[in-house]
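From first to last, the protein sequence lines stand for chains A and B.
Everything in the first sequence is counted per our numbering, starting at 12 for the first residue and increasing by one.
Everything in the second sequence is counted per our numbering, starting at 648 for the first residue and increasing by one.
Among the clues, some could well be false.
[To be verified] For the chain B half of the interface with chain A, some residues (derived, Cβ under 8 Å), not all of them:
no.	residue
1	G662
2	S664
3	K666
4	Q667
5	V687
6	P694
7	A697
8	A700
9	G713
[What the hints assert, rightly or not] Think about it this way: if two alpha-carbon atoms lie no more than 30 Å apart in a straight line, the pair counts; the simulated DSSO-like pairs of lysine-lysine are:
no.	chain 1	residue 1	chain 2	residue 2
10	B	K666	B	K655
11	A	K36	A	K248
12	A	K248	A	K123
13	B	K655	A	K123
14	B	K655	A	K36
[As the list claims (entries may be wrong)] Negatives, chain B to chain A, calculated, CB over 12 Å:
no.	residue
15	I650
16	D654
17	V656
18	V660
19	E661
20	E670
21	L672
22	E676
23	N677
24	N684
25	N689
26	R690
27	V709
Hints listed in this document are in silico derivations from the structure and should not be mistaken for laboratory results.
Ideal Cβ placement from N, Cα and C applies to all residues, glycine included.
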Amino acid sequence: MTVLSRDDYGRYSRQLLVAEMDEVKQQALSHAEVVIVGLGGLGCAVAPYLAGAGVGRLRLVDGDEVELSNLPRQPLYGEPDIGEAKASVASQRLRDINRTLSVQCHATRLVKSNAESLLRGASVVLDCTDNMASRQLINQVCYQLGIPLISSAASGMQGQLLLLHPHQAHGCYRCLYAPAQSEPNTCLAQGVLGPVVGIVGIMQALQTLLFITAMAPLNWGELRLFDGLSGQWQALKLPPLEGCPVCGENNADYS
Amino acid sequence: MQITVNDKVTEVVEGLSLKQLIEDLSVDENGLALAVNQQVINRTLWPQHALHADDQVTLFTVVAGG
Ligand SMILES: [Zn+2]
Chain A
12 MTVLSRDDYG RYSRQLLVAE MDEVKQQALS HAEVVIVGLG GLGCAVAPYL AGAGVGRLRL
72 VDGDEVELSN LPRQPLYGEP DIGEAKASVA SQRLRDINRT LSVQCHATRL VKSNAESLLR
132 GASVVLDCTD NMASRQLINQ VCYQLGIPLI SSAASGMQGQ LLLLHPHQAH GCYRCLYAPA
192 QSEPNTCLAQ GVLGPVVGIV GIMQALQTLL FITAMAPLNW GELRLFDGLS GQWQALKLPP
252 LEGCPVCGEN NADYS
Chain B
648 MQITVNDKVT EVVEGLSLKQ LIEDLSVDEN GLALAVNQQV INRTLWPQHA LHADDQVTLF
708 TVVAGG
């Protein structure tokens with residue numbers, strides 16, 4: 012059965028040669044819709060790999076403009092883009108990488124009033140934001156809508172990746188961190204090294220491709236810590252917090 | 648009894664709670680999170696969570712940047 016066009020065979024030939032990949036999985040990528048919230052260092056790492064791999068629909072959400080201080084770790088942007096909306100510059104770059112995709116550009120900040128409409132219908136949501144409030148909001152809306160969430164974060168030499176599935180019994184982002192917990196580690200406060208944020212974003216891209224194609228089952232409910240100094244990853248399990256206001260109803264059968 | 652805190656062997660009293668451990672280590676609780684034996688323990692449970700010999704405690708902090 013032939014499901015791919017001749018162009019697609021050419022474009023995706025290298026990944027189709029991977030033993031675990033096939034045409035049906037390539038089709039699954041083209042039918043997927045991924046929302047990327049935040050187009051800073053994490054979003055810039057994850058987005059081009061998803062576009063390149065052929066994720067058919069990408070929704071990009073970011074209200075910021077490109078600044079000079081972004082350039083060391085946000086390779087979708089260049090000096091001529093300074094002052095432009097990140098979402099529109101990123102959309103253009105991704106279309107340059109793969110013109111067969113549908114790239115939706117939302118040059119707006121995700122907030123309570125627009126979160127549901129921005130996330131609804133996604134196959135998976137990628138949290139690439141840079142603050143606690145957005146992360147809690149995205150977690151809450153993903154659980155409300157039942158959308159899997161792959162959340163990444165980086166600052167200093169530390170990275171974190173969290174795999175959340177609302178239909179499974181593990182804990183959620185709210186079970187991990189309380190909204191009132193301050194963020195001693197935001198890029199503004201502590202800085203970040205480009206490759207550290209890049210590694211975490213690229214790991215997020217890999218997990219996204221594994222999930223959409225079902226090449227491998229994801230370890231939902233796992234928190235991975237990355238230490239840029241040692242280059243080591245560490246995996247932790249996130250159990251549900253009893254009475255969690257976000258996932259409380261989903262986690263009754265956790266064991 | 649002995650436990651490890653971020654891979655460092657540490658001598659603590661029998662039945663020490665996570666809350667007491669954090670206080671004894673005098674680390675900043677602001678933005679702190681932890682796991683025992685690779686299982687995250689929510690901060691609201693720290694006072695009632697008693698440590699056992701050979702427990703592996705992993706301290707980490709909130710990372711929210713992007
Ligand atoms: Zn929860």
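Hint numbers not upheld by this structure, sorted from lowest to highest: Those not satisfied are hints 1, 2, 3, 4, 6, 7, 8, 13, 14, 16, 22, 23, 24, 25, 26, 27.
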